[in-house]
Amino acid sequence: MATLRDIKRRIASVRSTQQITKAMKMVAAAKLRKAQERLYKARPYAYQIAQVLGHVAARVDRSAHPLLADREPNRVGYVIVTGDRGLCGSFNTNILRHAHEELDSVQAETVGLITVGRKAVQHFDKLDVQVLGRYMNFFNELEFSHAMAIASLIRDKFLDHELDHIYVIYNEFKSAVQQRIVVEQILPIVPELPEKEKHPSEYLFEPSPQAILDPLLDRYLNVRVWRILLESYAAEQGARMTAMEAATENAEEMIHNLILHYNKARQASITKEIIEIVSGAEALKS
Amino acid sequence: MPEEKTFQFEIVTPEGKVYSETVESVIAPGVDGYFGVLAGHTPFMTALKIGEIRVRTHGETVLFATTGGFVEVLPHRMTLLAETAEEASRIDVSRALAAKERAEKRLKSRSPDVDVERARLALARALNRLRVAQHAGVRIG
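Line by line, the protein sequences give chains A and B.
Mind the numbering: the first sequence is residues 1 to 286 in my numbering, read in order.
Mind the numbering: the second sequence is residues 1 to 141 in my numbering, read in order.
These are calculated hints, taken from the structure and not from any lab test.
Treat the hints with caution; some may be incorrect.
What the hints assert, rightly or not - FRET-style restraints, in silico, Cβ to Cβ:
| no. | chain 1 | residue 1 | chain 2 | residue 2 | range |
| --- | --- | --- | --- | --- | --- |
| 1 | A | Q185 | B | D113 | 34 to 40 angstroms |
| 2 | A | E72 | B | D113 | 37 to 43 angstroms |
| 3 | B | A124 | A | R59 | 45 to 51 angstroms |
| 4 | B | V93 | A | E102 | 34 to 40 angstroms |
| 5 | B | R95 | A | A30 | 38 to 44 angstroms |
| 6 | A | E72 | B | G137 | 58 to 64 angstroms |
| 7 | B | D32 | A | R59 | 17 to 23 angstroms |
| 8 | A | N74 | B | H76 | 31 to 37 angstroms |
| 9 | B | A124 | A | E101 | 46 to 52 angstroms |
| 10 | A | T93 | B | E24 | 45 to 51 angstroms |
| 11 | B | K105 | A | G54 | 41 to 47 angstroms |
| 12 | B | K5 | A | R59 | 43 to 49 angstroms |
Because the structure is a prediction, the values reported are computed rather than measured.
Quick reminder that beta carbons are idealized off the backbone N, C-alpha and C, glycines included.
Model the full structure from these sequences, guided by the hints.
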């Protein structure tokens, strides 16, 4: 049986763990707020550029640009975005599990992966899969240049015909307590065509739709990857906050039970002592 | 009723909305040269290069330095999707000066591992920022 000292020690240890989870929850909440702000700032640009792209795409043929070319998906690429760090509940495991489901069901000759986030990198490096690119340990100082590096890698793989279709698997940020796993096709680019009646018929392009298309598609791709990274990072912080909150509550419950246990043990030892004294006195009497 | 002489103008960058205002005119650096926009302009779209954006609003002039992007003009609305856009008074002059010197040094070194195109672009961006700041009356020492 656990002695009183043992129980006391356990209470102290759980309590210090609780302090850590509480602090982590607060840090995650602060980071979440920042990440959310950044995401909300990036969204209008991403939305506008998609709209502008739609206007241009409505005027050109889909064969006008190699990034729009829809090829037979013989070689398929997946960009898998997890976090760099753990202790965020099922955030990383859910993404990895979902990625495996995708990989198992895909009908393609070859599959190549681009792993983003330390958890994804470490997970897939242990397995027998083809990893074409690895990006990790950057989410803490996430910059646009990180998105550009990833975008330029997948663009090269696509244009060199190394990959015919490229998908991204990531967590979309819904709210602080809700994430949603999304699988999106990122290449070839499928522009959202504008609604006919809203679109002015007279529309000038300088110098020409083709000339604008090239930098526009580049830009669109970069911004899309950027938004995905921001979504995932905000979702990660949200998941961590929720997980740490639950851990703090669990610790509270554990401490409560341990205290109960402690008191019972204390009571038992007192009772035992009294019995000993009483029976000792009885023995002297007789 | 007088004809509407103003239109809605927005500058959006990946870092957020930089500017949103009712304006009288905008001059922007298109790839084929600077162009001006007034209310009621024919719908058009063009790419931008490094340069200065000059906005007239409520009788005042506001300047921005941009490193390029795209612009869509509609009769009553103009949207500028910029890679970066800084209002003249917010330009970090010392940083631009440092970037200019760094780029010049790299161009002068002529060593084979210098990406000349990149250094030239960096220099153009730095010079543009300095020029816009100067136009807005910031002293460059």
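Results of checking the hints against the structure:
1. A:Q185 with B:D113: 34 to 40 angstroms: Given range 34 to 40 angstroms: holds, Cβ gap about 38 angstroms.
2. A:E72 with B:D113: 37 to 43 angstroms: holds, 40 angstroms
3. B:A124 with A:R59: 45 to 51 angstroms: This hint is violated: roughly 30 angstroms between Cβ atoms.
4. B:V93 with A:E102: 34 to 40 angstroms: With a Cβ separation near 50 angstroms, V93 (chain B) and E102 (chain A) fall outside 34 to 40 angstroms, so the hint is violated.
5. B:R95 with A:A30: 38 to 44 angstroms: violated, 27 angstroms
6. A:E72 with B:G137: 58 to 64 angstroms: The hint (58 to 64 angstroms, Cβ to Cβ) holds, given that E72 (chain A) and G137 (chain B) are roughly 60 angstroms apart.
7. B:D32 with A:R59: 17 to 23 angstroms: holds, 18 angstroms
8. A:N74 with B:H76: 31 to 37 angstroms: violated, 48 angstroms
9. B:A124 with A:E101: 46 to 52 angstroms: Given about 48 angstroms between the Cβ atoms, the range holds.
10. A:T93 with B:E24: 45 to 51 angstroms: Taking Cβ atoms as reference, T93 (chain A) and E24 (chain B) lie about 57 angstroms apart, which means the hint is violated.
11. B:K105 with A:G54: 41 to 47 angstroms: This hint holds: roughly 44 angstroms between Cβ atoms.
12. B:K5 with A:R59: 43 to 49 angstroms: Taking Cβ atoms as reference, K5 (chain B) and R59 (chain A) lie about 30 angstroms apart, which means the hint is violated.
The structure fails to meet hints 3, 4, 5, 8, 10 and 12 from the earlier list, while all remaining hints are met.
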